[in-house]
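Engineer: Chains as they are written, first to last, in numbering that gives the first Met the number 0: chain A, 0 to 593; chain B, 0 to 585.
Hints are computed from structural coordinates only; laboratory data are not their basis. Be aware that a few hints might be false.
Here's a subset of chain B near chain A, in silico, CB distances under 10 Å, partners left out [as the list claims (entries may be wrong)]:
| # | residue |
| --- | --- |
| 1 | Leu59 |
| 2 | Gly68 |
| 3 | Leu164 |
| 4 | Asn236 |
In silico DSS-like cross-links for lysine-lysine, where the CA-CA straight-line distance does not exceed 27 Å [to be verified]:
| # | chain 1 | residue 1 | chain 2 | residue 2 |
| --- | --- | --- | --- | --- |
| 5 | B | Lys219 | A | Lys306 |
| 6 | A | Lys16 | B | Lys483 |
| 7 | B | Lys187 | A | Lys97 |
| 8 | A | Lys13 | A | Lys26 |
| 9 | A | Lys306 | B | Lys235 |
| 10 | B | Lys226 | A | Lys327 |
| 11 | B | Lys187 | A | Lys477 |
| 12 | B | Lys483 | A | Lys120 |
| 13 | A | Lys26 | B | Lys226 |
| 14 | A | Lys97 | B | Lys483 |
| 15 | B | Lys241 | A | Lys97 |
| 16 | B | Lys90 | A | Lys190 |
| 17 | B | Lys226 | A | Lys245 |
| 18 | B | Lys15 | A | Lys97 |
| 19 | A | Lys322 | B | Lys187 |
| 20 | B | Lys219 | A | Lys322 |
| 21 | A | Lys561 | B | Lys575 |
| 22 | B | Lys575 | A | Lys477 |
Glycine included, every Cβ here is placed at the ideal spot set by N, Cα and C.
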Amino acid sequence: MHEEEVLGKAYDGKLMKRLLIYLRPYKWYVVLGILLSIIVSAMEAVRPYFTKIAVDDNIANKDEQGLLWTILLFLAVMIVRGAIQYLNAYLTQWIGQKTIFDLRMQVYEHLQQRGLKFFDKNPIGRLITRVTNDIEVLNDMFSSGIVMVFSDVFTIIGILYFMFSMNWILALISLSVLPLLFYGTFLFRKKAREAYREVRLQIARINAFMQEHITGMMVDQVFNREERSFGKFENINASHRDANIKSIFYYAVFYPAVEIIGALAVALIILSTGIGTISATITLGTVIAFLQFNEMFWRPIRDLSEKYNVMQTAMASSERIFKLLDDKTAIHDPAEPVMLPEVKGEIEFRNVWFAYNEPEWVLKDISFTIKAGETVAFVGHTGAGKTTIISLLSRFYDIQKGEILIDGVNVKALRLGDLRRCIAVVLQDVFLFSGDISSNISLGESAISQETIERAARVVGASRFIERLPARYAEEVKERGSTLSVGQKQLISFARALAFDPKILVLDEATSSVDTETELLIQEAIRKLLQGRTSIVIAHRLSTIQSADKIIVMHKGEIREKGTHQELLSQGGIYYKLYQLQYKDQEVRTVSSA
Amino acid sequence: MKPLLRLIPYLARYRKTLILGVLTVVMSNVFTVAVPLFVGRAIDIMKAGLSAGNLKAGDLLGYAGLMLGFTAVAGFFTFLTRETIIVVSRKVEYDLRNDFLSHIQKLSLSFFQNTPTGDLMAHATNDISAVRNSLGPGIMYPTDTMMTFTMVIAVMLYQDWQLTLMALIPLPFVSYAVYRLGKIVNVKFQERQDKYAELTTRAQENLSGIRVVKAYVREKYEIGLFKSLSMDYLQKNLVLAKVQSIMWPLMFLLVGLSLVITLYQGGLRVIDGRLTIGMLTAFLGYLVILIWPMIAFGWVVNILQQGAASMGRLARIWDTPPEIQDSERTDYSIQTIEGKIEFRDVSFQYRGAQNPALYNMNLLIPQGSTIAIVGYTGAGKSTLVNLLPRLYDISKGELLIDDIPIHQIPLKVLRENIGYVPQETFLFSDSIMENISYGADNGTDDHVREAAEISQLVSDVDDFPKGFRTMLGERGITLSGGQKQRASIARAVMRQPRILILDDALSAVDTHTEEEILKRLRGVMQERTSILISHRISTVKDADLIVVLHDGEIVERGTHAELVALGGKYADLHQKQLLERELEEL
Numbered sequence: 000m001h002e003e004e005v006l007g008k009a010y011d012g013k014l015m016k017r018l019l020i021y022l023r024p025y026k027w028y029v030v031l032g033i034l035l036s037i038i039v040s041a042m043e044a045v046r047p048y049f050t051k052i053a054v055d056d057n058i059a060n061k062d063e064q065g066l067l068w069t070i071l072l073f074l075a076v077m078i079v080r081g082a083i084q085y086l087n088a089y090l091t092q093w094i095g096q097k098t099i100f101d102l103r104m105q106v107y108e109h110l111q112q113r114g115l116k117f118f119d120k121n122p123i124g125r126l127i128t129r130v131t132n133d134i135e136v137l138n139d140m141f142s143s144g145i146v147m148v149f150s151d152v153f154t155i156i157g158i159l160y161f162m163f164s165m166n167w168i169l170a171l172i173s174l175s176v177l178p179l180l181f182y183g184t185f186l187f188r189k190k191a192r193e194a195y196r197e198v199r200l201q202i203a204r205i206n207a208f209m210q211e212h213i214t215g216m217m218v219d220q221v222f223n224r225e226e227r228s229f230g231k232f233e234n235i236n237a238s239h240r241d242a243n244i245k246s247i248f249y250y251a252v253f254y255p256a257v258e259i260i261g262a263l264a265v266a267l268i269i270l271s272t273g274i275g276t277i278s279a280t281i282t283l284g285t286v287i288a289f290l291q292f293n294e295m296f297w298r299p300i301r302d303l304s305e306k307y308n309v310m311q312t313a314m315a316s317s318e319r320i321f322k323l324l325d326d327k328t329a330i331h332d333p334a335e336p337v338m339l340p341e342v343k344g345e346i347e348f349r350n351v352w353f354a355y356n357e358p359e360w361v362l363k364d365i366s367f368t369i370k371a372g373e374t375v376a377f378v379g380h381t382g383a384g385k386t387t388i389i390s391l392l393s394r395f396y397d398i399q400k401g402e403i404l405i406d407g408v409n410v411k412a413l414r415l416g417d418l419r420r421c422i423a424v425v426l427q428d429v430f431l432f433s434g435d436i437s438s439n440i441s442l443g444e445s446a447i448s449q450e451t452i453e454r455a456a457r458v459v460g461a462s463r464f465i466e467r468l469p470a471r472y473a474e475e476v477k478e479r480g481s482t483l484s485v486g487q488k489q490l491i492s493f494a495r496a497l498a499f500d501p502k503i504l505v506l507d508e509a510t511s512s513v514d515t516e517t518e519l520l521i522q523e524a525i526r527k528l529l530q531g532r533t534s535i536v537i538a539h540r541l542s543t544i545q546s547a548d549k550i551i552v553m554h555k556g557e558i559r560e561k562g563t564h565q566e567l568l569s570q571g572g573i574y575y576k577l578y579q580l581q582y583k584d585q586e587v588r589t590v591s592s593a
Numbered sequence: 000m001k002p003l004l005r006l007i008p009y010l011a012r013y014r015k016t017l018i019l020g021v022l023t024v025v026m027s028n029v030f031t032v033a034v035p036l037f038v039g040r041a042i043d044i045m046k047a048g049l050s051a052g053n054l055k056a057g058d059l060l061g062y063a064g065l066m067l068g069f070t071a072v073a074g075f076f077t078f079l080t081r082e083t084i085i086v087v088s089r090k091v092e093y094d095l096r097n098d099f100l101s102h103i104q105k106l107s108l109s110f111f112q113n114t115p116t117g118d119l120m121a122h123a124t125n126d127i128s129a130v131r132n133s134l135g136p137g138i139m140y141p142t143d144t145m146m147t148f149t150m151v152i153a154v155m156l157y158q159d160w161q162l163t164l165m166a167l168i169p170l171p172f173v174s175y176a177v178y179r180l181g182k183i184v185n186v187k188f189q190e191r192q193d194k195y196a197e198l199t200t201r202a203q204e205n206l207s208g209i210r211v212v213k214a215y216v217r218e219k220y221e222i223g224l225f226k227s228l229s230m231d232y233l234q235k236n237l238v239l240a241k242v243q244s245i246m247w248p249l250m251f252l253l254v255g256l257s258l259v260i261t262l263y264q265g266g267l268r269v270i271d272g273r274l275t276i277g278m279l280t281a282f283l284g285y286l287v288i289l290i291w292p293m294i295a296f297g298w299v300v301n302i303l304q305q306g307a308a309s310m311g312r313l314a315r316i317w318d319t320p321p322e323i324q325d326s327e328r329t330d331y332s333i334q335t336i337e338g339k340i341e342f343r344d345v346s347f348q349y350r351g352a353q354n355p356a357l358y359n360m361n362l363l364i365p366q367g368s369t370i371a372i373v374g375y376t377g378a379g380k381s382t383l384v385n386l387l388p389r390l391y392d393i394s395k396g397e398l399l400i401d402d403i404p405i406h407q408i409p410l411k412v413l414r415e416n417i418g419y420v421p422q423e424t425f426l427f428s429d430s431i432m433e434n435i436s437y438g439a440d441n442g443t444d445d446h447v448r449e450a451a452e453i454s455q456l457v458s459d460v461d462d463f464p465k466g467f468r469t470m471l472g473e474r475g476i477t478l479s480g481g482q483k484q485r486a487s488i489a490r491a492v493m494r495q496p497r498i499l500i501l502d503d504a505l506s507a508v509d510t511h512t513e514e515e516i517l518k519r520l521r522g523v524m525q526e527r528t529s530i531l532i533s534h535r536i537s538t539v540k541d542a543d544l545i546v547v548l549h550d551g552e553i554v555e556r557g558t559h560a561e562l563v564a565l566g567g568k569y570a571d572l573h574q575k576q577l578l579e580r581e582l583e584e585l
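With the hints as extra help, turn the sequences into a complete structure.
Structural biologist: Next comes the structure, spelled out in structure tokens:
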């Protein structure tokens, strides 16, 4: 079974205690809500009492004036009751919404602070479920749950009070069917819950089957499996139908049964009036009031039994949320951070060893230095460890052995924010957020003015296409930038890096091919981007490699060759082969397109 | 409401049950309506007895018994109503869902590429549920409401028409309020859902782009954005709460108003002696019976509207005709195919595309030969082989199998004789056994083993505790990329096809295993036609003919030796792969 489907107990003291902490800021509203519930319950319970007064005091004594007063008072109570009930329903929703807002923000902030290691092991889909669904489930508990339980209990108490104060013998007689009602409700809830679980299970099967066979429809068709797949589906679909029909049965029995139990109570009340001792003490109005009480009992009992389900799902969800909140995977700021007032941009890796999962070393004893302002290109076959190097520089992961230094200071001694602010990273897969062009360049940084944004776009040559867009910099960017071409997205990401004007630039060049015109634009943009800053480039372009001050060749987690393009070519080693494989064609292409 | 008319044939299937259901509604109402009358009579007896001081339980027994008995009988009919009408709605749901799947099974690949899976899933679940919901309650409640209404009102009118009319004044407002509020709630609910989707999307984007967020130290800003979206969502929820919260208090008030009018006017009549106290009690009892139907009436109107909207969406899918199917040109006398393939000036263009994906393709593949297709991504290799099982139909030219135009071959015969290993391996969450014998009608365990031997999967499978019974996917194990490809090859081989297509199906298999697989395939495929697509020279070098595709056209063709000698694209590719191998060995 899925983690998401597991239902535990309906009450867990530890979890409940932790959940109630979230209600603390609103405790006075909760108290108000409970008070209002009591008032509403009392007014609800008093209703049949008015009928009794009307019948016994007014109608029996032919007091028309009195009847009018009773009725008007009755009406007034109902209006007030309606108003309070409305207020209370809104209040409880408000409490619930406020509480889950706080909880959601806490979970979200917690997520933002996790290290990349955390995201490597937790699928995004699951995390989103925590931030959305799981928290939504708790809303039911916080809003309706807690306050309404009080309301139901008080309604029952109120009804009992009036019944016993009017006539205790008759009260006992009407309550005599209660065990039957309780037992019936209990039995129904149990059966209905089982049936519901079965229905859920079958729905999950239908969904899984559908999902799989829609995705794999081509396979079904090519292998002539339509009929047999259909037969399988029919079976699952039939199980779903039958599970539903079973659940219909419980409802079909239950509702009439409640009616019959109610009728039994009415019959008992009517008959008991004929018993000597009772008939001596009752009035007609009391009997009529009791008939109404009898109908009112049923709702709060049903509500209470429903709360059981709400609690059960809430407990399961809160357990998952708390588990997430208890995960402490993060990279922390040092206790006493070193400040770098003026970053020069010198980088040094000193005997660095790193593994995502020890002992599978991805980097083995890596050492190199990059002087301020230099451009270094990293080349190597897939899996050589190039991408890991740039992740480590920004301290997305902590290394196991060795040291990484910026301007001679260990990156672990710097505040994370300070470190990352002096490095701009341009990743291979450009990630655009939904919003507009400007917000994608500035990433919402208020220190970056619109002029800076536009200047950056101009420098990297992105302004040409941006200015042709209908809304220019305010043009909407859809999710993942789906309306923009690969080349356009890259130019935007260059503008982004430039707008942040970092001392150190990290560039993981995209491999995807673009048309010649865009290619030339990109090459020019990269040239400008590298100017005047320390740059680490994972190069896929010949032009980038040729302009680098130094080339570092990586192979299987180790540095194998270092030097300039010409030096390395003449060595005839790994670089020479890589050149033949990846870069030589570009030479031909550049020549032919020029 | 018009789309709901399409449901008539579905309902007609269960007409007997439905008629029975409607009858039970009538019966349960007949019995329910009598109950307050019995209570009223009992009260009158009680009154007389109480004032005379000689009330005996025996005097009341008759009416109490009748009341209980009638409630029980009415209850029995209510039970039957649910067991007929609601059960039918579930059966119709079942039929609808079956028909939905069987229809989309006939639709062609291009439909699925243009329709997000999520949309189809939503149709199959939400929309069908909404239609079902409008069916059960949509039949049960209106019938019930009408019956209750007519009967109760008839009885009430008969007793005291003036009091009845006065008591009923607030009730239409109940229906109207439920209807109106229901509508507003739906709108507000949708607005809330939209915000929720926005919130989810933002979380999704943020977490997918977490590297950028962290690299540029944008965590605080992202939290701020999410906070304002969360706040909007909170507001939408509160607006919804405002509307929803008013529902019940308003209901109680309107119903209470009815009660108050009855009590006052009825009370006056009792004082005047025009009405007995028992009848007044009966009237109060009737009002309680009427409340639910009045609420249900407004509610049902909304449900029907939603059902109609959903049915409209489903109808659009049902009205999508299958693009590729047998036609009047199909020659059903064709029972099998041999495997000779010929492309004559074939062009193919994807719908909505600027340029053709294949252009003036001329290619003859003799029966029993092995041909290989190489070329860059996007050159049209997969497109070319997708035309053979008719996943797409050609746009121009002629495609012949055994010299017969492909359209004339029954689709079933054509596909039965093709073993296709697609580029993206797709296995089902089922046992390995089931997956391999997927396309074979009468495959025995030995056949499965044999196929797995050819594709070099046997030793892997034998290492699994449950062997061929091992489950794949969510409830089982995850195969590696190479294992998946080999399973997919076994599945195709299992069919003993006349034409075998391997679309880059060995990319995740190491070169040694690849060689073994190809060797064995040559054995089984001796008399059969094979088409291999690959980026790897090692896969294609022994083919009878190698074709190089570039931008939808054949640019080079020949054997390995011929093409290497030619010094073109193929030779270049060959050169690079030699280098790559050297690098790997360093």
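Engineer: Under the constraints set out in the numbered hints, which ones does this structure not fulfil?
Structural biologist: 3, 5, 6, 14, 17, 18, 19, 22
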